[in-house]
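S.K.: Given these sequences and hints, build the entire structure.
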Amino acid sequence: MTNFIQLVVVGLSSGFAYALVGIGMVLIHRTTGIVNFAQGAFAVMGGLVTATLVDDVPTFLAVVLAVLLVAFVGGVMGFVAFGRRGRTTLLASLIITLGLALLTSAVHLLVFTDVPRTYPRISDTSWDLGGVTVDPQYVLIGAVALTSALLLTFVLRRTIVGNALVACSDSRRAAELVGLSVRSLAVLSFAVSAALGGLAGALIIPLIPLTYDSDVSIAVNGFAAAAFGGLDSIRGALAGGLVLGIAENLVIGYIDPQYQLAIGLVIMLMIISWRSRHEVAT
Amino acid sequence: MTALLEVDHLQVRYGPAVAVDGVSLRLDAGERVALIGPNGAGKSSLLNAICGVIKPAEGRVRVDGRDVTGAAPGTVVRKGISQVPEGRQVFQSLPVESNLLLGAYGRVFTGELVSSTLRYLSGRAETRARLERIYELLPKLRELRERPAGQTSGGEQQMVAIGRALMADPRLLAIDELSLGLAPLVVQSLATFLRALNEEQGVALLLVEQNAQLAFELCTRAYVLEAGRCVLEGPSAELQRNEVVRNAYLGGGLEVAPA
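The listed protein sequences correspond, in order, to chains A and B.
Numbering-wise (our numbering), the first sequence opens with residue 1 and increments by one.
Numbering-wise (our numbering), the second sequence opens with residue 1001 and increments by one.
I should point out that these hints are in silico values taken from the structure, not numbers from a laboratory.
Check each hint, because a few of them may be wrong.
A few chain A residues that don't get close to chain B, going by computed Cβ distances all over 10 Å [unchecked claim]:
(1) Thr89
(2) Gly131
(3) Leu177
Rough simulated footprint, nothing fancy, chain A against chain B, three-plus residues with beta-carbon under 8 Å [unchecked claim]:
(4) 1072-1082
(5) 1087-1098
Some chain A residues close to chain B (C-beta under 7 Å, calculated; not the full set) [as the list claims (entries may be wrong)]:
(6) Val111
(7) Asp114
(8) Val115
(9) Asn163
(10) Val166
(11) Ala167
(12) Arg172
Note that CB positions come from ideal geometry on N, CA and C, so glycine has one too.
M.R.: Now the structure itself:
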């Protein structure tokens, strides 16, 4: 039983990271309709840049700088992927994000080589709760993910900029007609999503070292988390990330670590086929 | 005198298909003008080309004599033309009040996010005052202000869409299919409201309508579009007496298609 709880606790920590990546996907999808495959690359960039910067600056500052850089890169990607008004189709945008993900991965390989990177956790000590080890890093990730989800929900509901993002997802035509620049809002949603992804990478890398090619598995898991809520729900992505993290870790603990990525894919396929059937039925 | 809106030989194409084929029209400040015609005549395409949603292939659109052809929708809004789109297109998941406020945000949104938002925030007192005025004009919206717009009736959504457009303080309100999918009584009360808005506040109206009866009642002049061309234009009273218009649009002898 203790072993089971331990696996769940560890699973929660990666689950929160998937949730952050998934929430970013939800935000972009809601605002622009684009499924952003570069979301995994954001996380890897956040992680690798932080792991490099910690050699020179305090960890907190390293995380902040890395997240800002990723947000900037994300905004630029959004600008490119969104394309020209009325000219770029969603499919084209989606393929552009795939291409940008590959490009980013190549840049990571050039800059950071193929050595897995990591940096020390926030604390060497860990808490022992009745035989279950809880690392402060897990708590940090959980707190950051929950705070981000709450903050984003608040912004979308209560601020004019957030409302404008929601407006784009409700009716892009009407958003344009009232004078909103859907393109600027798309860039904003990419930048915010990139920041969330970068944060996930920066906080998970002390626990799970990342390399230039970790982005595919992160993107798949983030997408699976987002798909859990139909790509449109922040709460759904949060729940999806946690379910996925736990399921994955149980597979690692009880079956075989090499099925780790497969579980994400299987869950994703199950959800998608269930949802499509469900939606046809109603 | 310069017209508020002047459309000069406008042509809209979708690939090889010509939706609007050289239409010209003119609308002066404070006028009520209708665009009528059957489904697919190019009315909505013309309106969307005026509002900057689609780029015309040829021709010019001028507001107060200034060329706005091919400008972004936001530019046209800032020149004083706001559109109420076909099918209302309210922001469903947002409360009614947020829908209205976005109308004001859109007016100051110039593509650059930070400065636009600061401009909106610094003009909040004025926005509040305009919101109050719209609640006075459409008291129903005040009652519904916290309800998600998607959970209101069709007529109420039309009010939300009109209110949202009015938040930009337009001089011309362009309405795409006012009556579409609404009960006759609801349409009547909206028409009464729009007439009062025009007469008391001086907001000009450009009404795109399939219901010619309604268009003639509400507007003083009309253009008749068929297959992308303007086939007739004139005062409503005159067009109402026109034989062709009577037959085609006012139910004076239905044309029955051969089986």
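S.K.: For each hint, tell me whether it holds in the structure or not.
M.R.: Now for the hints, and whether the structure bears them out:
1. Thr89: 15 Å, holds
2. Gly131: 46 Å, holds
3. Leu177: 5 Å, violated
4. 1072-1082: Contact hint for the segment 1072-1082 of chain B vs chain A: holds, 6 residues under 8 Å.
5. 1087-1098: Check passed, 7 qualifying residues.
6. Val111: Interface hint status for Val111(A): violated (30 Å vs cutoff 7 Å).
7. Asp114: 38 Å, violated
8. Val115: Cβ of Val115(A) sits 38 Å from chain B, so the hint is violated.
9. Asn163: 5 Å, holds
10. Val166: Interface hint status for Val166(A): holds (6 Å vs cutoff 7 Å).
11. Ala167: Where the cut-off is 7 Å and the nearest Cβ of chain B is about 4 Å from Ala167(A), the hint holds.
12. Arg172: 9 Å, violated
In this structure, the hints that do not hold are numbers 3, 6, 7, 8, 12, in rising order.
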